[in-house]
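Trainee: Please model the entire structure based on the sequences and the hints provided.
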Amino acid sequence: MDTQVRERILELIGGIDSLPTLPHVASQIMDMAMSSGSSIRNIAEILSKDPSLASKVLKVANSAFYGLKQQVNSLELALVVLGMHEINHLVLSVSVFSAFADKEDKTGFSREKFWEHSAACGHFARILCKKLKETTLGGEAFVGGLLHDIGKIVLDEFSHDTFIGILQEAQEKNTGVYEIETEKLGFSHADIGAVLAEKWNLPPSVVDVIQNHHEPLNATNSPFLVAVVRIADLFCKAKEIGFGCDRKPFILEEDISWEIIQKTKPELKNLDIEKFTYELDDEVEKVKEFVSINRGR
Amino acid sequence: MPTTMQMDESTFKSLRDFIYEKSGIFFSEQKKYLMETKILERIKEKNFKDFNEYAYFLMYSKDYKDELKYLFNAITINETSFFRNMPQIDAFEKNILKELVELPDRAGFKTLNIFSAGCSTGAEPYTLAIICKEFAEKNAHEWRFSIEAGDLSEAALMQAREGVYNEYTLRNVPPKYLEKYFDKDGTNYRVKDELKRMIRFFPLNLMDDNQMRRISKKDVIFCRNVMIYFDLSVKKKVVNYFYDMLKIGGYLVIGHSESLHSITRAFKIVHFPGALAYKKE
Chain A
1 MDTQVRERIL ELIGGIDSLP TLPHVASQIM DMAMSSGSSI RNIAEILSKD PSLASKVLKV
61 ANSAFYGLKQ QVNSLELALV VLGMHEINHL VLSVSVFSAF ADKEDKTGFS REKFWEHSAA
121 CGHFARILCK KLKETTLGGE AFVGGLLHDI GKIVLDEFSH DTFIGILQEA QEKNTGVYEI
181 ETEKLGFSHA DIGAVLAEKW NLPPSVVDVI QNHHEPLNAT NSPFLVAVVR IADLFCKAKE
241 IGFGCDRKPF ILEEDISWEI IQKTKPELKN LDIEKFTYEL DDEVEKVKEF VSINRGR
Chain B
1 MPTTMQMDES TFKSLRDFIY EKSGIFFSEQ KKYLMETKIL ERIKEKNFKD FNEYAYFLMY
61 SKDYKDELKY LFNAITINET SFFRNMPQID AFEKNILKEL VELPDRAGFK TLNIFSAGCS
121 TGAEPYTLAI ICKEFAEKNA HEWRFSIEAG DLSEAALMQA REGVYNEYTL RNVPPKYLEK
181 YFDKDGTNYR VKDELKRMIR FFPLNLMDDN QMRRISKKDV IFCRNVMIYF DLSVKKKVVN
241 YFYDMLKIGG YLVIGHSESL HSITRAFKIV HFPGALAYKK E
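From first to last, the protein sequence lines stand for chains A and B. First residue of the first sequence: 1, per this note's numbering; consecutive thereafter. First residue of the second sequence: 1, per this note's numbering; consecutive thereafter.
Be aware that one or more of the hints could be misleading.
Just some of the chain B residues that point at chain A, by a computed CB distance under 10 Å [stated by the list, open to error]:
1) GLY24
2) PHE27
3) LYS94
4) GLU99
5) PRO104
6) HIS256
7) GLU258
8) ALA266
9) ILE269
10) HIS271
11) PHE272
12) PRO273
13) LEU276
Because the hints were derived from the structure by calculation, they are not lab data. C-beta atoms are modelled at their ideal positions from N, C-alpha and C, and glycine is treated no differently.
Mentor: Printed below as a string of structure tokens:
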């Protein structure tokens with residue numbers, strides 16, 4: 001990111017310390033998952049220090065959203081069934097809700113709808129990875145999708161009126177929020193999100209998704225993941241999940257992300273797009289359940 | 001006799017995949033309960049042991065076609081109503097019409113030709129007529145909208161021409177339109193002449209090559225939940241005729257969970273909020 005842009009963002013939010021932090025336990029687990037030599041037992045011990053986080057992790061793991069074939073009633077079992085990386089992604093996804101939990105909804109921007117959109121995007125991205133036989137990328141795709149728009153929440157908290165003005169203008173002009181932000185502020189929620197993601201030490205692939213989900217050609221670390229999340233974002237629009245501002249239609253095959261994915265996955269052109277679209281209808285309720293588990297106090 | 005009323009997840013999924021493959025219609029989980037109920041009736045009637053045995057019969061017997069047809073009819077409650085599936089209607093009004101009147105090469109001919117193929121008793125073409133009229137009033141005064149509506153059933157066409165509907169069929173019509181475009185007729189409502197004048201009803205046989213070839217060029221074709229009963233080869237032929245019939249930039253709209261995946265790749269699939277349509281480019 002341009003250093004000037006970064007400075008202007010920090011100015012807007014009043015310094016990097018004003019940004020919310022991740023729960024301590026989540027950061028610890030993220031570090032452990034990325035370093036070798038951590039055992040499942042270590043992770044379970046750490047996680048159990050934050051009982052409310054731990055109980056939400058179990059609740060999500062046992063929900064229809066997660067779709068496990070067996071019940072996991074203890075952290076240890078959850079770790080064995082899911083593995084270290086998946087648990088890391090799960091903990092992270094549950095944690096971000098608490099990072100922004102205490103704030104009340106302000107007018108003009110529904111947090112519930114925001115999270116529904118974000119979770120659906122993550123969920124669809126994970127499903128798309130599975131369809132493309134990239135199951136191991138599913139966890140990152142989910143976190144990336146869940147956090148792709150996180151900069152919008154920051155903007156809403158630190159500059160509410162400006163943000164609402166941008167939302168309204170996007171609606172009136174039937175165009176995207178990203179375009180209006182760039183025009184008005186000189187930066188966008190993608191840049192703001194990337195600043196937050198770096199503060200949180202998120203994996204580089206997730207930072208890449210947040211920073212480049214509107215400009216997938218600029219992806220540096222994980223072009224495939226960025227493209228998958230971008231396509232998932234389009235499907236959210238097709239399913240009318242969240243706060244879509246514009247009614248602009250899209251043709252998947254003409255989206256640059258579709259081409260990026262096809263470079264490594266030529267079989268994409270045989271995907272039954274209609275069936276995939278209709279199958280996602282089954283997922284919408286599960287996404288809502290996930291959000292309600294996480295927003296429950 | 002089945003001991004439980006529930007069909008297990010994997011039976012449901014293999015049944016729906018089979019139905020999708022054979023008919024191009026996709027049943028979401030929301031339809032699972034309805035499917036269970038209807039299949040259970042069938043299980044009792046035909047003395048199957050359970051859901052699995054029925055599924056096996058449907059998927060592997062020689063006579064699956066008749067059973068499939070029976071099942072469709074039971075599940076896709078063949079009702080006809082105005083403003084059916086709002087996301088599709090919204091896409092027609094807010095995206096498709098808007099796009100078509102702005103196409104640069106149409107400037108000289110300010111008429112849009114719309115085709116309701118398989119119009120049944122007229123709910124669809126009248127709905128489209130209302131949308132077009134409203135659209136013209138708001139955005140496109142100088143445009144004319146001509147709607148052709150065809151159906152195989154003479155009885156259905158007679159009812160369509162008559163244009164009299166009960167409250168139930170009209171339950172999704174916004175009140176302001178009900179007042180504007182209908183006259184009360186006892187307990188029913190009668191479509192006003194200004195709408196009738198926009199539509200030409202005619203007997204249509206989608207399988208009649210001679211007739212299909214003679215139908216004039218269209219900007220938008222609606223053919224919703226009609227082709228699900230056709231064989232693959234017939235479907236291919238009909239969809240080809242639709243493709244030829246459409247002008248460049250025109251759209252084909254099929255049922256909201258129908259698919260042309262195994263029929264053609266000639267169109268571009270366009271996603272609108274809550275709906276998709278097929279565009280000829």
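Trainee: Out of the numbered hints, which ones does the structure contradict?
Mentor: Of the numbered hints, 5, 8 do not hold.
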